[in-house]
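**Q** Chain residues, written in single-letter form:
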Amino acid sequence: MTKKIVYSLFALILLSGCGTKIDSWESAGRQAKIFPEYEGTYIPWNIAPLNFKVLEDGDLYLVRFVVEGKDSFEVKTKGKVHIPAGKWKRLLEKNKGEKMALHIFSRKENKWTRYPELHFTIAEDDVDPYIAYRLIEPGYNAWNEMGLYQLSLESSKESPIVTNALTNGTCMNCHTFHKNSPGSMVFHIRGEKGGTVLSHNGEVRKIDTKAPWMIAAGVYPRWHPGGRYIVFSTNKTTQGFYSLNKNKIEVFDHCSDLVIYDSEENRLFTDTIIHSEKSYETFPEWSADGKELYFCSAPAMPMPDKFGEIRYSLVRVSCNPETGEFASRADTLVSAWETGKSVSLPRISPDGKRVVFCLYDFGTFPIWHPENDLYELNTETREIREMTEVNSGHSDSFHSWSSNGRWLLFSSRRMDGTYTRPYISYLDSNGNWHKPFVVPQKDPDHYDFRMKSYNLPEFITGKVTATPYELQKAWESDAVKPES
Amino acid sequence: MNSPNSPTLYKIAAWLAAALFAAGALIWILSSYQYSIVKFISEMQFFHTDRVYFQQFSILPGGLTLYAGSFISQFFHYPVTGSIILTLTLLFIYLLMLDIMKQCGAIHRFFALAMVVPVTLLFLYNPSNAVMYYRLAHFLGIVLALGAFSLYLRIPSRFRMIGGILLYLALYSLAAGNALLFAALLCINELFRDERSWLYLAAILVVAAGTPLLAHRFIYIATMNKVWWALTPFDSPKFFNIIYCIAWCAIPILYLLWQLLSRLPSVRGRGEKTGKMDRRGVVIALVLCNLIVVGGVALYGIKNYRNKEIEGISQMAYEVEQGNWDRVIELGEGKNYLNAVPISYFTNIARLANGTLPEKMFTYRQTGTYGLFDSWAIRYSTCLFIGEIYYRLGVPAIAEQCAFEALVCSPYEHSSKAARRIVQTSMMRKDTESFEKYIRLFEKSPIYRKWAAEQRLHFEKSLQDPGYKVPGLPETARFDNFMFAFGEQQHNLISMLHSNPCNRKAFEYLMAFSLLRKDLTVFLEFMDQYYENMNYEKLPRAFEEALLILAYNDMQELLLKYEISPEAIARFNSLNNEIAQASNAVLIRNLQKRHHDTYWIYYRYTKPMMLENIPDLLVY
Numbered sequence: 000m001t002k003k004i005v006y007s008l009f010a011l012i013l014l015s016g017c018g019t020k021i022d023s024w025e026s027a028g029r030q031a032k033i034f035p036e037y038e039g040t041y042i043p044w045n046i047a048p049l050n051f052k053v054l055e056d057g058d059l060y061l062v063r064f065v066v067e068g069k070d071s072f073e074v075k076t077k078g079k080v081h082i083p084a085g086k087w088k089r090l091l092e093k094n095k096g097e098k099m100a101l102h103i104f105s106r107k108e109n110k111w112t113r114y115p116e117l118h119f120t121i122a123e124d125d126v127d128p129y130i131a132y133r134l135i136e137p138g139y140n141a142w143n144e145m146g147l148y149q150l151s152l153e154s155s156k157e158s159p160i161v162t163n164a165l166t167n168g169t170c171m172n173c174h175t176f177h178k179n180s181p182g183s184m185v186f187h188i189r190g191e192k193g194g195t196v197l198s199h200n201g202e203v204r205k206i207d208t209k210a211p212w213m214i215a216a217g218v219y220p221r222w223h224p225g226g227r228y229i230v231f232s233t234n235k236t237t238q239g240f241y242s243l244n245k246n247k248i249e250v251f252d253h254c255s256d257l258v259i260y261d262s263e264e265n266r267l268f269t270d271t272i273i274h275s276e277k278s279y280e281t282f283p284e285w286s287a288d289g290k291e292l293y294f295c296s297a298p299a300m301p302m303p304d305k306f307g308e309i310r311y312s313l314v315r316v317s318c319n320p321e322t323g324e325f326a327s328r329a330d331t332l333v334s335a336w337e338t339g340k341s342v343s344l345p346r347i348s349p350d351g352k353r354v355v356f357c358l359y360d361f362g363t364f365p366i367w368h369p370e371n372d373l374y375e376l377n378t379e380t381r382e383i384r385e386m387t388e389v390n391s392g393h394s395d396s397f398h399s400w401s402s403n404g405r406w407l408l409f410s411s412r413r414m415d416g417t418y419t420r421p422y423i424s425y426l427d428s429n430g431n432w433h434k435p436f437v438v439p440q441k442d443p444d445h446y447d448f449r450m451k452s453y454n455l456p457e458f459i460t461g462k463v464t465a466t467p468y469e470l471q472k473a474w475e476s477d478a479v480k481p482e483s
Numbered sequence: 000m001n002s003p004n005s006p007t008l009y010k011i012a013a014w015l016a017a018a019l020f021a022a023g024a025l026i027w028i029l030s031s032y033q034y035s036i037v038k039f040i041s042e043m044q045f046f047h048t049d050r051v052y053f054q055q056f057s058i059l060p061g062g063l064t065l066y067a068g069s070f071i072s073q074f075f076h077y078p079v080t081g082s083i084i085l086t087l088t089l090l091f092i093y094l095l096m097l098d099i100m101k102q103c104g105a106i107h108r109f110f111a112l113a114m115v116v117p118v119t120l121l122f123l124y125n126p127s128n129a130v131m132y133y134r135l136a137h138f139l140g141i142v143l144a145l146g147a148f149s150l151y152l153r154i155p156s157r158f159r160m161i162g163g164i165l166l167y168l169a170l171y172s173l174a175a176g177n178a179l180l181f182a183a184l185l186c187i188n189e190l191f192r193d194e195r196s197w198l199y200l201a202a203i204l205v206v207a208a209g210t211p212l213l214a215h216r217f218i219y220i221a222t223m224n225k226v227w228w229a230l231t232p233f234d235s236p237k238f239f240n241i242i243y244c245i246a247w248c249a250i251p252i253l254y255l256l257w258q259l260l261s262r263l264p265s266v267r268g269r270g271e272k273t274g275k276m277d278r279r280g281v282v283i284a285l286v287l288c289n290l291i292v293v294g295g296v297a298l299y300g301i302k303n304y305r306n307k308e309i310e311g312i313s314q315m316a317y318e319v320e321q322g323n324w325d326r327v328i329e330l331g332e333g334k335n336y337l338n339a340v341p342i343s344y345f346t347n348i349a350r351l352a353n354g355t356l357p358e359k360m361f362t363y364r365q366t367g368t369y370g371l372f373d374s375w376a377i378r379y380s381t382c383l384f385i386g387e388i389y390y391r392l393g394v395p396a397i398a399e400q401c402a403f404e405a406l407v408c409s410p411y412e413h414s415s416k417a418a419r420r421i422v423q424t425s426m427m428r429k430d431t432e433s434f435e436k437y438i439r440l441f442e443k444s445p446i447y448r449k450w451a452a453e454q455r456l457h458f459e460k461s462l463q464d465p466g467y468k469v470p471g472l473p474e475t476a477r478f479d480n481f482m483f484a485f486g487e488q489q490h491n492l493i494s495m496l497h498s499n500p501c502n503r504k505a506f507e508y509l510m511a512f513s514l515l516r517k518d519l520t521v522f523l524e525f526m527d528q529y530y531e532n533m534n535y536e537k538l539p540r541a542f543e544e545a546l547l548i549l550a551y552n553d554m555q556e557l558l559l560k561y562e563i564s565p566e567a568i569a570r571f572n573s574l575n576n577e578i579a580q581a582s583n584a585v586l587i588r589n590l591q592k593r594h595h596d597t598y599w600i601y602y603r604y605t606k607p608m609m610l611e612n613i614p615d616l617l618v619y
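Protein sequences appear in the order of chains A and B.
Each residue of the first sequence is one higher than the last, beginning at 0 in numbering that gives the first Met the number 0.
Each residue of the second sequence is one higher than the last, beginning at 0 in numbering that gives the first Met the number 0.
Note that these hints are calculated values from the structure, not bench results.
Ideal placement from N, C-alpha and C gives every residue a C-beta, glycine not left out.
Hints may contain errors.
These stretches of chain A come out as covered by chain B in the derived footprint (C-beta under 8 Å, 3 or more residues) [said to hold, decoys possible]: (1) 128 to 139; (2) 311 to 320; (3) 442 to 449.
Computed Cβ-Cβ distance ranges for the label pairs, DEER-style [unchecked claim]: (4) G471/B to S23/A: 36 to 42 Å; (5) N323/B to K434/A: 48 to 54 Å; (6) K290/A to M609/B: 37 to 43 Å; (7) F53/B to T237/A: 47 to 53 Å; (8) F53/B to K75/A: 34 to 40 Å; (9) K192/A to M609/B: 33 to 39 Å; (10) K75/A to P470/B: 49 to 55 Å; (11) C248/B to V479/A: 51 to 57 Å; (12) G339/A to E487/B: 30 to 36 Å.
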């Protein structure tokens, strides 16, 4: 407490000495409201300025960014706080591991009010410099303009990876990268000239992932750590609509299986353990060493009649994609029988020790289930825990690990209940998760006015190497038919 | 005899023609386009003043003109203002054409030619073309190109090269493909100059060809077609419109023609500079010819391009949204449109809303179950129409789904009409998050700011006082959650009634559905099941007439059970006698006319359009 007072006094001296001088003020009894909210979060030291707006009554605001007794700068504004990038970058780089305090003053009718400090911590770990996502309206059936985009987390600059303006308005989805690499990407283009576009080792091509024995073309892809294999789910999916929108939409599979694509031999193959008529297999994920395949599995049942009863378990099976050999039995890690809930989207940390997944009441697709939350499984102890520090009252899903395993990026509807926004949460070296922050944008109003959802945000270690026009060219080309 | 004032006379005539054109265009737009075009354009866009909205335009070729167009056309929300803006834009095109024409020499005698482009453009917005892709920005693009060329013609000759290139680049950054129009005019001008520069011509061609290529490589992520042709008729092959194409291409062709005309011996040397004037007779004849040409084209357009039907339907759709039920019913009365479905569709909604559907539903033309529900299609107007009925039935989740689909698939940008409906459904659902999300957008919209403030006030009141009724907002129906299917409208209504057997609106629409399907077995089943719960003061006429048909088919107990009036029985007997005596088609037609307002005629003679048999209801 004494320490705090000393630092506060020091900060005030700074304020009156080298910053804007405020002779007198009234103390507010509560912290200032800001948007987006950053109080209590951990941020990477290489993050772009966390611009925000002060939601307090006033005609002028003074915000001072202070790292306890070491360094500071201030921003004077009429509402939106646009943080100078240079000062911000220097402050963060110099003070890794430190706490940053925000001193906020507001002026109204020439009277200043000071709010208690807001704090966030500059983590010692950096974050991958880019994220990739799809921008689309959170609709039901219709779409119009959509595209895959990338955003620099260090500068908040957004650029398109590919948009459907280049592909005659088609739908595109399920982009995935090999170990966060911007040079290895796969995504689907639906409809006219549809196929799966694969950008890998400097080559961009379109493949047709629908073999005659498959129920549909490949859907949810995950790269094998070795980079040669990609596992896809293949789903026959429909959706239903609720007349009273608790969940708005219910997506369900009439059947689903898993298949593996060998990018070197251009071959599709599967195994009965991941391709069974008696059960639905979906949302695959490779273990960090590539020797096990995780996926969600539920017993087959008639849909949509039983849509409220289907629950998926998280299972894993040992395999060797090079030989095509799979273990004959799957190991159940999170049992739907035991939890009474359904699992989706398992994502393994780069060190292979944690699996973060979605857990919700029933069904196969969590994004419109407000009760859906993120959970983690310790792959060694098999202990499961709810990530309460991260979760919200809305659906949090489509999570992605940073390449250093310290940051988790996920999409959440917590901001307005409808549009998903990308949030980042920190995992410290003690294994504790921290309150997430929304990916910063240049304009603090950005999320208020952007009428698109951020789908499937993924960390990438650089800008995607394939240009939009190369991807467009691949879409225009004939799809390569794999052997099967 | 020479007329010393011939240039002045031509000028007066040209201005007179401009005034006539403006007046005619304004009347034409107000009478033919007010709802189907002007209002429609305003509802298919949603201008708001935030940075995100601007950014979505700034990344498009011609985005700045699109943004300016959206800013201006938000005022189309007021149809009279919108009509004036459209008229002024077209008038401006005429004046710019006239100005360019004048600079060619004495050819302003043929001022009617300058009117070719605006008159053609006036007929672009013919709703039966089904091309709603072209927006005010497309007109503004032409204005900018002509304006730039008019400015270029005023640049001293020695600076024309640098001026032309700079104007081209500026124009490209503003109005994309229209820079090519400018380049074409510039090239024609250069070709006809006495001191033409082939180097300059080559330079402008290189710049004109190179700029889109460089923009494609370094500025825009867009198709090659877009970077070359954005905001021109060749912008989107899918939405190609021949009228717009003719108008756009006519500009360089006319300019070429004027340059050629100005070189004719009979034209060259005439005008104020030389003092050689036309004879009075020639002046009068030319002015008359011009006016006849303009008038002829206008009359041809009015005759061929007026579509009162779509304007009428659009007006009904507008009044339905406003909840002006008497006006909707009035607009629908006596309309004998080729497409009768929307008339019955909107009138049925109005009658349902004001509680007169079962009493009056056969006093106007019924087209079958297709007049109760549209068949589902991901199309802007279809989504809105289907949503309208669920909004009025008090099912906000489905109304919101339809509104959201319309918001997304609006062909211009997000639709303000659909977003307004989402605000309303959020209020019905008392969903604060959703309300806040969308109302903030309206608070940033110059046109809707006041509306947003009103809605916020109402919503806050409704949250504080659950009994507060928001003006104009339908009452939310009470029912249990069920899986909704657009392909099974009858099932949806039954599900609503199942959990709330007192839902009169759902009951009436379900009964109307059965009656229009002529499915009297199902009708009777629902009557027996739900009728008692509805507490009607008296048996509604449509139900009574349907029950009479059943009663006369060995179910006489229904007469007593439902207290069918002797007057109805007498009318039915009388009709049956007339039918028995009607021995020829004329007599049958006459009796149909006499009893047109009964279910009996519908049941016996109408071939209904069934929802399941028709792909979708089209207005555009």
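**Q** Confirm or reject each hint.
**A** Hint check:
1. Counting residues of the stretch 128 to 139 of chain A whose CB lies closer than 8 Å to any CB of chain B gives 3, so the stated coverage by that chain holds, three being the minimum.
2. Three residues within the 8 Å Cβ limit are the bar, and the stretch 311 to 320 of chain A against chain B gives 0, so the coverage statement is violated.
3. Coverage of a stretch by a chain is defined here by at least three residues with a beta carbon nearer than 8 Å to that chain's beta carbons; for the stretch 442 to 449 of chain A and chain B the count is 6, and the condition holds.
4. For the pair G471/B and S23/A, the beta carbons lie near 50 Å from each other, so the given range of 36 to 42 Å is not met.
5. Taking the beta carbon of each, N323/B and K434/A are about 51 Å apart, inside 48 to 54 Å as hinted.
6. Evaluation of the 37 to 43 Å hint for K290/A and M609/B yields a failure: the beta carbon distance comes to about 59 Å.
7. Remark: the range hint 47 to 53 Å for F53/B to T237/A is contradicted by a beta-carbon distance near 39 Å.
8. As the Cβ distance of F53/B to K75/A is approximately 25 Å, the hint placing it in 34 to 40 Å is violated.
9. In this structure the hint that K192/A and M609/B lie 33 to 39 Å apart at CB holds, the actual value being about 36 Å.
10. Taking 49 to 55 Å as the suggested C-beta distance range, the pair K75/A and P470/B does not conform, at roughly 44 Å.
11. Between C248/B and V479/A the CB atoms are about 43 Å apart, so this pair departs from the stated range of 51 to 57 Å.
12. For the pair G339/A and E487/B, the beta carbons lie near 31 Å from each other, so the given range of 30 to 36 Å is met.
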